[in-house]
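Enquirer: What follows is the residue order along each chain.
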Amino acid sequence: MNMQRTAQELAALCGAELSGDPERVVRGTSSLESAGPEHVSFFGHTRYGKELAQTRAGVLVVPRALQAPGVDATLLRCERPNEAFARIFEAFGRLPARPGPAVHPTAIVGRDVELGEGVSIGAYCVLGDGARLGAHAVLHPHVVVGARARVGEHSELRPFVTLYDGVSIGARCLVHSGAVIGADGFGFDPIVGRAGLERWDKVPHGGTVEIGDEVEIGANSCVDRARFEVTRVGDGAKLDNLVHVAHNVQVGRNVLLIAQVGIAGSTRIGDGAVLAGQVGVNTHIEIGAGARVAPGAKVWNSIEGGRDYGGYWAMPRGEWLRNQAHMNKLSALAERVRALEKQLEALAAHPRGAQSGNAADGGSSPQQEPA
Amino acid sequence: MNMQRTAQELAALCGAELSGDPERVVRGTSSLESAGPEHVSFFGHTRYGKELAQTRAGVLVVPRALQAPGVDATLLRCERPNEAFARIFEAFGRLPARPGPAVHPTAIVGRDVELGEGVSIGAYCVLGDGARLGAHAVLHPHVVVGARARVGEHSELRPFVTLYDGVSIGARCLVHSGAVIGADGFGFDPIVGRAGLERWDKVPHGGTVEIGDEVEIGANSCVDRARFEVTRVGDGAKLDNLVHVAHNVQVGRNVLLIAQVGIAGSTRIGDGAVLAGQVGVNTHIEIGAGARVAPGAKVWNSIEGGRDYGGYWAMPRGEWLRNQAHMNKLSALAERVRALEKQLEALAAHPRGAQSGNAADGGSSPQQEPA
Amino acid sequence: MNMQRTAQELAALCGAELSGDPERVVRGTSSLESAGPEHVSFFGHTRYGKELAQTRAGVLVVPRALQAPGVDATLLRCERPNEAFARIFEAFGRLPARPGPAVHPTAIVGRDVELGEGVSIGAYCVLGDGARLGAHAVLHPHVVVGARARVGEHSELRPFVTLYDGVSIGARCLVHSGAVIGADGFGFDPIVGRAGLERWDKVPHGGTVEIGDEVEIGANSCVDRARFEVTRVGDGAKLDNLVHVAHNVQVGRNVLLIAQVGIAGSTRIGDGAVLAGQVGVNTHIEIGAGARVAPGAKVWNSIEGGRDYGGYWAMPRGEWLRNQAHMNKLSALAERVRALEKQLEALAAHPRGAQSGNAADGGSSPQQEPA
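Protein chains in written order, with the working numbering: chain V, 1 to 371; chain A, 1 to 371; chain E, 1 to 371.
Hints are computed from structural coordinates only; laboratory data are not their basis.
All residues carry an ideal CB built from backbone N, CA and C; glycine is no exception.
Be aware that a few hints might be false.
As the list claims (entries may be wrong) - Below, computed lysine to aspartate or glutamate pairings styled on DMTMM-like, alpha-carbon distance capped at 20 Å:
#, chain 1, residue 1, chain 2, residue 2
1, E, Lys202, V, Glu153
2, V, Lys329, E, Glu229
3, V, Lys202, A, Glu153
Claimed, not checked - Which bits of chain E does chain A cover? Going by a derived footprint, with three or more residues having C-beta under 8 Å, they are:
#, stretch
4, 22-32
5, 156-162
6, 208-222
7, 250-258
8, 281-288
9, 330-344
Based on the provided sequences and hints, a complete structural model is requested.
Expert: What follows is the structure in structure tokens.
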């Protein structure tokens, strides 16, 4: 797209305080590293200080209080730089336009459905009886909202999202394509006869799912309904793609569940906990508030909040890394044990004078172990 | 919903034998722990004996033979308590009503499709030529049934399920949203030229998938078609969400595959095996009937049936846990080896009399290792 | 289906050079092991030499140069045996027919959409404004193509695929059901107040996804859009089911990502690398070209190309397997260390003469450790 904007126009767009040349013209967005004078870029974190010092960007969105003495770019100082940059992406056509308020003629809307002001319902959506959409909620095409399910105001559901009957999504949520909210919890009782297991008896799940406000749910993630009560995802929690949250789980406020995390049934994840990609969490345990779990860790027992954890048998991070370091050279440790055994055998055979010969073969010296 | 039911009404609903006050009135369902006198609750397992003793529930669904001397509630004794409680959930509007028999006018039905008596086909379903639905099968809105695919009687497919051409689902199955049955197996032959790998040559997959009777498949799970013959999921098997079953795999009867399990190609899972969440199973191996594999385990080699397994290199459970316990304090073991080496070095340097000094520093004593 | 074909007809169908009886009649396809004289089967790899020697198949598709002295079947020698066999599967109705060129009347096509020659757009597809489909592209029913998204010529998208706005799919790709291309990258900045974490601030993602030519993407896999620039999947790469590719990742040419692999943000996967099922790869690292990573491995640090790796802390395969072998009998190693400690304690207590007693109890002898 052939677009250009002055720094001043962009400042107006995102409510920024401008410092530098207001007439600078930019034609697109770019990262700090790749930007040229024709780009507007973004600096949020001190950890990118080096990139900031070297950037060639013409215009920069930065936190309001930033001191950036050596930077040549025109600065747009913002209270909420991420939100500001979303406006700038939009100005350059880089974010999808939010569809206007309308109900597409192909949408099928059940009886007793309540639609808030300004809702947008895309093509081929299906809303069951008694569903409720809050004001300005957006259903992209091909969303299924079950009977009596509820979507809060300003929430946005991408194509092929399924809300099963009766589940509830809070306000200002974003649910990506293919997410499934409210499928049956996985519960089966064994029916055992004389010859052993005969079949699995389905445990009916009459509970529901409640997703709080400002929650984001990634593509193809699944949150199952509770057996009697509520599987809950707290306000401000963010779930990445392909995450599994089982029945009765309680996910606290502001929890991050990164891609492919799996939480087994009835477990509680405390507020602000961060579970990295592919973490697995056992059933009926508790992750303390603010705990941070490294990628791929498997959490077997409840862990306290406010600390870092990792490992196939998750433990405090420092302990895990010490153990892991030894695991990573375990064959060397085993060789050292073998060498000790030989030395002691030699000692037993020749109780005196044999040791120096053993020491001379060097096999037991940790200085010589493989790196 | 403003509902109330007497114990007697509920007993009639689920064919229970009532013991206690038939006039007790309840207004909803709840778990044993949370129930009050206005609730009907459920007791199935002796492992919830404590909750049973303490429950305040007014009415309880229980197994027919239960003795519950101290319990005040009116008891509804049932042959199949889970099925009974499903009826009770329905009575309180907690389970989705099964849609009535009808073909929605927006459904697109190909040529030579056979529809059994009483089928229900929801909005925007698409059925390919020659598809067959058994009597009373239910397709919720937005289900795609490929050409010549088959759905058995009383089976139910939730929104956004895809059945690829020619696959077959048995009777009384439940397939949750987003499941994909019959996508191509993942097979590619390397085409290697002078400069190494040039491209991957797709191996065509002309086989199919057959899902048995009474199978449940979780949301967004995938079962791939076989290369020549059949990827099979046996009668009574239950798959949780986000499970992957590769081409040619044979899943036995009554197998449980819990969330995010992955089974590599051509592997056989024996009847009644239970694979917990995030388990991975290697290609071309066999899991014996009734084997139970702990969460997150990786199964590299065939394992015998009837036993429990676990670990990153799956082995019998007891062995795994013993090894795991040592892994969890491996740095302590390494320190003990270092202490032994020092002692032996001292012995070698001073063959007599030095040992007591080493022993006194205590470093090698297992009693002092970190917990 | 009641079908039969002569060897000669099949040879014509797939451009093969026939050797043997051209009048042999077959009625279906089968694997080498299961085939009878009435089947056409396939031999591609020397690793199936034994099955080849024993097969009873009537007709065999084989590589052009194959010598197969003892084989009785009529041979169809082909330059590209896999492609040839795809034609044969089609002849027996075992592969889905490609839908003919047409735009289904229920498809909703936005403004300024460009449709190449011979495209096929299935029922209930939705194409946003400015979308482009190359010649002979196939959208099966229920595909959503976002505004300005692009699908290359001859590419095929299965039901319930979502292309978010602006993403691009190359030519001759195959995308299976439920795959989601271009959902927001998972990026959130912590907003910390006096009482700790207050909320996560969404980092807007204005970049896109570019999928190369001849890429296959499995069912329910997800490739997220970049923050500023492009998440890229190179030409000829193949992704299996339930794979997660995070924002800014660069997947090289001819990479294989097997089922349930997860790649964290900004990581680079070199050309021709093969990541087996359930592998996890850390953020901001690099997998060298042609690296091969064993199932379930977790890759924490960059690894060099051209080698094999494995393990929970991925390392070169040989090293991993040596370490793993010791991990698998770690409790035995710990017992040996305990035995050494006892011997040394005895030595310390009785500096002379005690050793032989210790040696006699055998506890420290590695010959006696559990297998």
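Enquirer: Hints first: check each against the structure and report whether it holds.
Expert: Going through the hints against the structure:
1. Between Lys202 (chain E) and Glu153 (chain V) the alpha-carbon distance is near 18 Å, which keeps this suggested pair within the 20 Å criterion.
2. The suggested pairing of Lys329 (chain V) with Glu229 (chain E) is violated, with an alpha-carbon distance near 40 Å, which exceeds 20 Å.
3. Annotation: proposed proximity of Lys202 (chain V) to Glu153 (chain A) holds, straight-line Cα distance about 18 Å (limit 20 Å).
4. Counting residues of the stretch 22-32 of chain E whose CB lies closer than 8 Å to any CB of chain A gives 3, so the stated coverage by that chain holds, three being the minimum.
5. For the stretch 156-162 of chain E, the proposed coverage by chain A is satisfied: 3 residues have a C-beta within less than 8 Å of a C-beta in that chain, meeting the threshold of three.
6. Coverage of the stretch 208-222 of chain E by chain A holds in this model, with 5 residues showing a Cβ closer than 8 Å to a Cβ of that chain against a need of three.
7. Chain A is given as covering the stretch 250-258 of chain E, and this holds because 3 residues of the stretch bring a CB closer than 8 Å to a CB of that chain, at least three being needed.
8. Look at the stretch 281-288 of chain E against chain A: 0 of its residues bring a Cβ nearer than 8 Å to a Cβ of that chain, fewer than three, so the hint is violated.
9. Here's how the stretch 330-344 of chain E fares: 9 of its residues keep a CB closer than 8 Å to some CB of chain A, so the rule of at least three is met and the hint holds.
In summary, the structure is inconsistent with hints 2 and 8 from the numbered list given earlier, while agreeing with the others.
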